[in-house]
Structure formats: structure tokens, C-alpha cells
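Asks: One-letter residues, chain by chain:
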Amino acid sequence: MSKATASLPRTIGAHAILLTYTIIALFPVFVVVINSFKSRQAIFQQPLTPPTPKTFDLIGYTTVFGQGDFFLYFQNSMIVTVVSLFFVLLFGAMAAFALSEYRFRGNTLMGLYLALGIMIPIRLGTVAILQLMVASGLVNTLTALILVYTAQGLPLAIFILSEFMKGVSDDLKNAGRIDGLSEYTIFFRLVLPLVRPAMATVAVFTMIPIWNDLWFPLILAPSEATKTVTLGAQIFLGQFVTNWNAILAALSLAILPVLVLYLIFSRQLIRGITSGAVK
Amino acid sequence: MAAASNKPFRWHIGVFLAPAVLVYTAIMILPLFGTLQLSLFRSVEQVQTFVGLANFRTLFGDPNWSFNFWNALKNNVWFFIIHMVVQNPIGVMLAALLSSPKLRFTAFYRTAIFIPTILSFVIVGFAWKLILSPIWGVAPDLMWLVGLKSLFTPWLGKEQYALTALSLISVWQFVGIPMMLIYAALLSIPEEVIEAAECDGITGWSQFWKIKLPLILPAIGIISILTFVGNFNAFDLIYTAQGALAGPNYSTDILGTFLYRAFFGFQLQVGDPNMGATIATMMFLIILIGVCFYLFLVQRRLRRYQF
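Heads up: the sequence lines are chains A and B, in that order. When you line the first sequence up against the numbering used here, it's residues 293 to 571, in that order. When you line the second sequence up against the numbering used here, it's residues 51 to 357, in that order.
Keep in mind that the hints were calculated from the coordinates and are not lab data. All values reported here derive from a predicted model rather than from experimental measurement. Be a bit skeptical, because a hint or two may be false.
Below, a list of computed lysine to any residue pairs in the SDA-like style, where the Cα atoms sit at most 20 angstroms apart [unchecked claim]:
no. : chain 1 : residue 1 : chain 2 : residue 2
1   : B       : Lys179    : A       : Gly530
2   : B       : Lys152    : A       : Leu300
3   : B       : Lys179    : A       : Ala308
4   : B       : Lys179    : A       : Gln337
5   : A       : Lys458    : B       : Ile63
6   : B       : Lys179    : A       : Ile316
7   : B       : Lys179    : A       : Ile527
8   : B       : Lys199    : A       : Phe319
9   : B       : Lys152    : A       : Ile304
10  : A       : Lys465    : A       : Glu455
11  : B       : Lys260    : A       : Arg302
12  : B       : Lys179    : A       : Gln338
13  : B       : Lys179    : A       : Phe378
14  : B       : Lys179    : A       : Phe319
15  : B       : Lys179    : A       : Ala334
16  : B       : Lys152    : A       : Asn535
17  : B       : Lys152    : A       : Ala308
18  : B       : Lys152    : A       : Gly305
19  : B       : Lys179    : A       : Val325
20  : B       : Lys179    : A       : Asn535
Partner residues aside, some chain A positions facing chain B, computed with beta carbon under 7 angstroms [unchecked claim]:
no. : residue
21  : Thr314
22  : Met386
23  : Ala390
24  : Gly409
25  : Arg415
26  : Ile421
27  : Leu448
28  : Phe451
29  : Asn504
30  : Ala525
31  : Leu545
32  : Ala546
33  : Pro549
Using N, Cα and C, we set each Cβ at its ideal position, and we do this for glycine too.
Assemble the whole structure, with the sequences as input and the hints as a guide.
Replies: In C-alpha cells form, the structure reads like this:
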């Protein structure tokens with residue numbers, strides 16, 4: 293009992309600090325979203341109050357949907373993210389399986405080679421990547437972005453997945469071998485289903501930087517047909533600097549899908565970070 | 051099984067490794083070396099000609115280039131220092147609070163504080179630009195509430211404050227990462243260690259400083275190197291908030307924006323892939339030095355405890 297009472301002030305203090313920081317973290321998002329539903333006048337007169345029936349206005353959203361081709365941008369971002377994610381997970385899991393399951397000459401060296409990309413950012417190779425894409429005619433295609441993001445996501449995916457695959461029971465795999473399953477069947481039918489939680493973690497880690505990236509869309513695929521949401525929003529915001537309703541609405545539209553995805557996957561993400569990301 | 055290992059060549063290993071190795075090598079490793087190589091060439095009448103270190107001589111010798119380079123590097127170092135002294139201590143503090151036993155609502159705090167990290171730079175840059183804008187008045191209003199209105203200036207527009215303001219915005223965005231990693235490290239400290247400390251009468255703050263902090267030092271080391279690589283590779287936030295010219299008057303120019311301008315050109319300046327490659331090579335060397343410093347000097351001295 294005495295211990296509980298002694299820590300009461302400390303508990304209150306902890307809550308106070310955490311709550312303050314939570315407010316700091318959420319405040320900008322909150323301000324942007326509430327103001328996106330207000331009329332221009334209300335945005336400037338009472339920026340901190342939520343919209344009331346009197347100040348409620350959707351003019352910003354109608355401008356955004358009327359002007360920018362956000363549906364197309366959104367579709368581009370979805371295609372790029374989903375396809376890259378698919379390849380990162382498939383190729384990453386295959387390589388991780390090879391590295392963690394088989395002993396062969398050069399195994400450690402191969403592991404180090406593939407881990408190099410965790411520390412050295414792919415952006416430094418941009419000049420040559422652009423030349424490569426120009427030479428192969430892939431500039432302004434979504435394929436270029438998919439290739440780059442697949443390469444970018446692989447090192448971390450292989451690193452995390454091979455840690456998890458080392459934990460899959462050898463007996464199970466050997467039982468499969470005795471039953472005459474091929475190595476491929478063992479990988480796809482036995483191992484992959486068992487590391488599904490780790491795959492989800494890697495998926496979230498890989499997805500966020502791809503969805504949010506501005507550098508490669510700007511350099512490799514800036515054409516109207518291949519713009520991603522991030523690049524589209526950047527250009528739209530640049531053109532509408534004085535139309536505050538439209539800017540706030542565009543920002544809210546860019547925030548909401550990521551926020552919803554995050555809230556769905558946040559438990560997965562946090563479990564992933566707290567289980568073995570730091571060793 | 052014995053038969054499997056007696057086979058001269060196990061094709062499946064190659065099949066499993068090939069796709070990842072091919073994509074990684076073709077899109078990441080070769081272009082990286084290609085870029086390093088391009089920094090030794092120059093385009094003379096549309097033909098790439100080997101010029102040795104001439105590009106580096108231009109970068110360091112030509113007053114225009116060298117001024118911009120040292121300016122960007124200096125700004126980048128300041129950007130990194132702010133992250134190290136603001137972001138990481140705040141992250142450690144939040145993690146320490148979150149890991150205190152029997153505290154309620156920790157899942158809520160964790161989820162909420164991590165939200166800025168998942169947002170794109172475009173959103174973060176613009177949202178803060180609006181909030182700090184003197185036209186809108188959200189920031190002056192808030193400062194008026196706490197009686198500090200006289201201190202308000204348009205931070206992003208003033209040369210002496212803009213870089214620090216942007217660094218703090220970046221800190222705001224990324225504080226979730228050190229928080230999560232340290233939180234994970236704190237959770238992995240076994241109960242017995244903490245109980246033993248409590249038996250010896252070490253509780254509260256002194257427990258944190260004397261017992262927990264030494265145990266999470268390796269995690270802090272990892273965070274520092276991640277921060278270093280991330281900061282010296284940063285581009286998006288500055289580009290969205292201040293444009294490629296990294297205004298006002300290049301005061302927020304960091305290596306990433308400098309590389310972008312050199313490579314693509316901007317306004318009056320003509321883009322030059324070879325100079326772009328030269329700057330990328332310098333960034334590569336800086337990051338390499340940082341990573342080696344960490345791997346060979348810092349990481350080896352950090353004592354790891356096995357439980």
C-alpha cells in the first residue's frame with residue numbers, strides 16, 4: 293500500500309508529461325483537419341475552434357476534387373506501393389529463407405552484402421539510376437518506381453525476416469522433407485505461413501517510406517499520368533498557396549488514408565518494433 | 051537428406067536468392083558505384099571523358115561551389131546536432147515514462163505520439179508552414195495564450211531561425227522512432243535486475259540513471275547512427291517547406307537539396323549530372339565515415355549484457 297501511495301504523484305507527473313507531448317504531436321493534424329471544414333472567413337477569424345453549423349463549409353474539398361486529378365494520383369500510389377510491397381515480401385522472404393536455412397559457401401558474405409543497403413541510402417545512386425532508367429526507356433513509368441522501391445525495401449526485409457526464420461522449427465521442415473516435399477513446397481507451404489506476423493511487420497515498415505517518398509517520383513516519374521499522391525499534393529499545394537480552403541482540404545485528404553491504415557496496423561507495427569528490432 | 055548435401059549443386063538456393071540479389075544489385079549497388087564513377091568524368095561535347103579528380107577540385111576550389119558545399123555541410127551538421135540533443139533525449143524520456151510499471155493508457159500514448167512519423171513530409175512541411183505563418187495566426191494566438199506573443203516572429207522566413215525551426219519540425223515528426231526503439235529496449239530488461247535494484251533501495255530516477263540507462267546504451271547507439279544516416283540524406287522536408295532554393299538565402303540548404311540543385315539545375319543554374327555525382331560521392335563518404343566510426347569505435351566500446 294505504502295508503495296502505491298508513494299508513486300501517486302509520480303504517476304500524475306508521468307501522465308501530465310505524456311499527455312502534453314501527445315497534444316504537441318496531434319495538435320498540427322487537428323488544426324489542419326478542423327479548419328478544412330470551415331469557410332475562408334472562419335479559418336482566419338477563429339482558427340482554433342472546431343467548425344460550427346455556421347462556419348461549416350466544404351468549398352475546399354470541392355476545389356480539390358474539381359482541380360487536381362487526385363483520384364489518378366491515389367491510384368498510382370496504390371499500384372506502386374502494393375506491387376513493390378509484394379515483390380519486397382516475396383523476394384525478401386525467399387532470400388531470407390536461403391540465408392537462414394542452408395549452409396553454403398559465402399553465406400555470411402552474402403548476408404553482409406545484402407545488409408549493406410540498410411546503412412547506405414539508395415538515394416546516393418540517383419544520378420546513375422536516372423541514367424539507367426533513361427537507357428531502358430522506363431522514365432515516367434510506374435515500373436521505374438516499383439523497381440527502385442523493391443531494391444530499397446529488400447535489405448531491411450531480408451534482415452528482419454531471416455531473424456524470424458531462424459526461429460522456425462527444424463523438425464517441421466525435416467518432417468516435410470521425409471514426406472518428400474520439395475524445398476519450394478517447404479518454403480511456400482510450411483515456412484511462409486509460420487512467419488506471417490513478421491511479414492506483416494515488414495510490410496508496414498516498407499510501406500510507409502514508399503507511400504511518403506517525394507524524391508524518386510519527382511526525379512523518375514514526374515509526368516501527369518504517373519504522379520503519386522505525395523508528388524501531386526506537393527505540386528497542388530505549390531499552385532494554390534493562397535487558396536487556404538483548398539490547401540487545408542488537400543492536406544486532410546492526404547492525412548486521412550495513412551491515418552486509417554496506421555490505426556488498423558498500429559498494433560502490428562508496435563509489436564514488430566518491440567519484438568527483436570533492437571538486438 | 052544426406053543425398054541432398056551430396057548433390058554437387060543445390061539449385062534451389064540459387065533460385066531462392068536470385069531475384070533479390072539481381073534486383074538489389076542492378077538497382078542499388080551498381081548505380082551506387084556508377085554514381086561514384088560518374089564523379090570522375092565530365093561531359094565534353096556530349097562525350098563522357100575521364101577527368102580524374104577535376105570535379106572535386108571544382109567543388110572545393112571554385113568559390114561558388116565550395117561556398118555552397120560548406121554552407122550545406124555546416125547546416126547539415128547543425129540539423130544533426132539538433133536531432134541528437136533534442137529528439138533523442140525526448141525519445142528516451144517518453145520511453146522511460148511509458149515503460150513505468152502499472153501506468154495506464156500507454157497504448158494510447160504510444161499510438162498517438164507515433165502518428166507524426168507516419169505522415170509524409172509534404173503534409174508535415176505544409177501543415178507547419180501554415181501554423182507558423184504570420185498570416186494565419188495560429189502560432190501567435192497560441193503564444194498570446196501563454197503570454198509570450200512578443201516573442202513571435204515568422205521563424206521560417208528569418209535566416210537566423212529557419213534552419214533551427216525546420217530541425218525542430220523534423221524532431222517533432224520523428225521523435226516516435228527513438229521512443230519506440232528505446233521502449234523496446236527497456237521492456238527487454240529482465241524483472242530480476244529491476245527487483246534486485248529495488249532490494250538495494252535503488253528506485254525512481256537513480257534506478258533509471260544507474261541501472262536502466264547503461265543497459266539501453268546499445269539501443270541509443272543504434273538510434274544515433276540511424277539519425278546520422280537519415281539526417282545526412284534528408285531532402286524532402288526542406289524541399290516541401292522552403293523549395294529547392296532552401297531559402298531564405300540558402301540558410302536551410304542541406305546536402306540533399308544541394309545535390310538536387312546541382313543535378314537538376316534550378317532557375318539560372320544548369321543541371322550537371324557529373325557535379326551531382328560528385329556531391330553524392332561526398333555524401334557517400336560522409337555517411338561511410340559516420341557508419342565506420344560507429345561500427346569500429348562506438349559499438350565495440352558499448353558493453354552488451356546477455357541475460
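Asks: Each hint should be assessed against the structure and marked as holding or not.
Replies: A quick look at each hint next to the structure:
1. B/Lys179 <-> A/Gly530: 12 angstroms, holds
2. B/Lys152 <-> A/Leu300: Between lysine 152 of chain B and leucine 300 of chain A the Cα gap is close to 11 angstroms, so the pair holds against 20 angstroms.
3. B/Lys179 <-> A/Ala308: 28 angstroms, violated
4. B/Lys179 <-> A/Gln337: Since the Cα atoms of lysine 179 of chain B and glutamine 337 of chain A sit roughly 18 angstroms apart, the hinted pair holds (cutoff 20 angstroms).
5. A/Lys458 <-> B/Ile63: Holds - the C-alpha atoms of isoleucine 63 of chain B and lysine 458 of chain A are around 16 angstroms apart, at most 20 angstroms.
6. B/Lys179 <-> A/Ile316: Status holds; Cα separation ~16 angstroms.
7. B/Lys179 <-> A/Ile527: Distance of about 15 angstroms is within 20 angstroms: holds.
8. B/Lys199 <-> A/Phe319: Measuring from Cα to Cα gives roughly 19 angstroms; hence the hint holds.
9. B/Lys152 <-> A/Ile304: 12 angstroms, holds
10. A/Lys465 <-> A/Glu455: 17 angstroms, holds
11. B/Lys260 <-> A/Arg302: 19 angstroms, holds
12. B/Lys179 <-> A/Gln338: 18 angstroms, holds
13. B/Lys179 <-> A/Phe378: With Cα atoms ~36 angstroms apart, lysine 179 of chain B and phenylalanine 378 of chain A exceed 20 angstroms; violated.
14. B/Lys179 <-> A/Phe319: Holds, because 14 angstroms separates the two Cα atoms, which is no more than 20 angstroms.
15. B/Lys179 <-> A/Ala334: Holds, at about 19 angstroms.
16. B/Lys152 <-> A/Asn535: 48 angstroms, violated
17. B/Lys152 <-> A/Ala308: 16 angstroms, holds
18. B/Lys152 <-> A/Gly305: 14 angstroms, holds
19. B/Lys179 <-> A/Val325: 15 angstroms, holds
20. B/Lys179 <-> A/Asn535: 14 angstroms, holds
21. Thr314: With a closest approach of 5 angstroms, the threonine 314 of chain A hint holds.
22. Met386: 4 angstroms, holds
23. Ala390: Cβ of alanine 390 of chain A sits 4 angstroms from chain B, so the hint holds.
24. Gly409: Result: holds, 6 angstroms to nearest chain B Cβ.
25. Arg415: 6 angstroms, holds
26. Ile421: Holds. Min distance 4 angstroms.
27. Leu448: 11 angstroms, violated
28. Phe451: 12 angstroms, violated
29. Asn504: 4 angstroms, holds
30. Ala525: OK, holds: alanine 525 of chain A within 7 angstroms of chain B, min 5 angstroms.
31. Leu545: At about 10 angstroms, which exceeds the 7 angstroms cut-off, the nearest Cβ of chain B leaves the hint on leucine 545 of chain A violated.
32. Ala546: At about 5 angstroms, which falls below the 7 angstroms cut-off, the nearest Cβ of chain B leaves the hint on alanine 546 of chain A intact, so it holds.
33. Pro549: The hint is violated - proline 549 of chain A has no Cβ within 7 angstroms of chain B, the shortest such distance being about 11 angstroms.
Hint check: violations occur at hints 3, 13, 16, 27, 28, 31 and 33; the rest are consistent with the structure.
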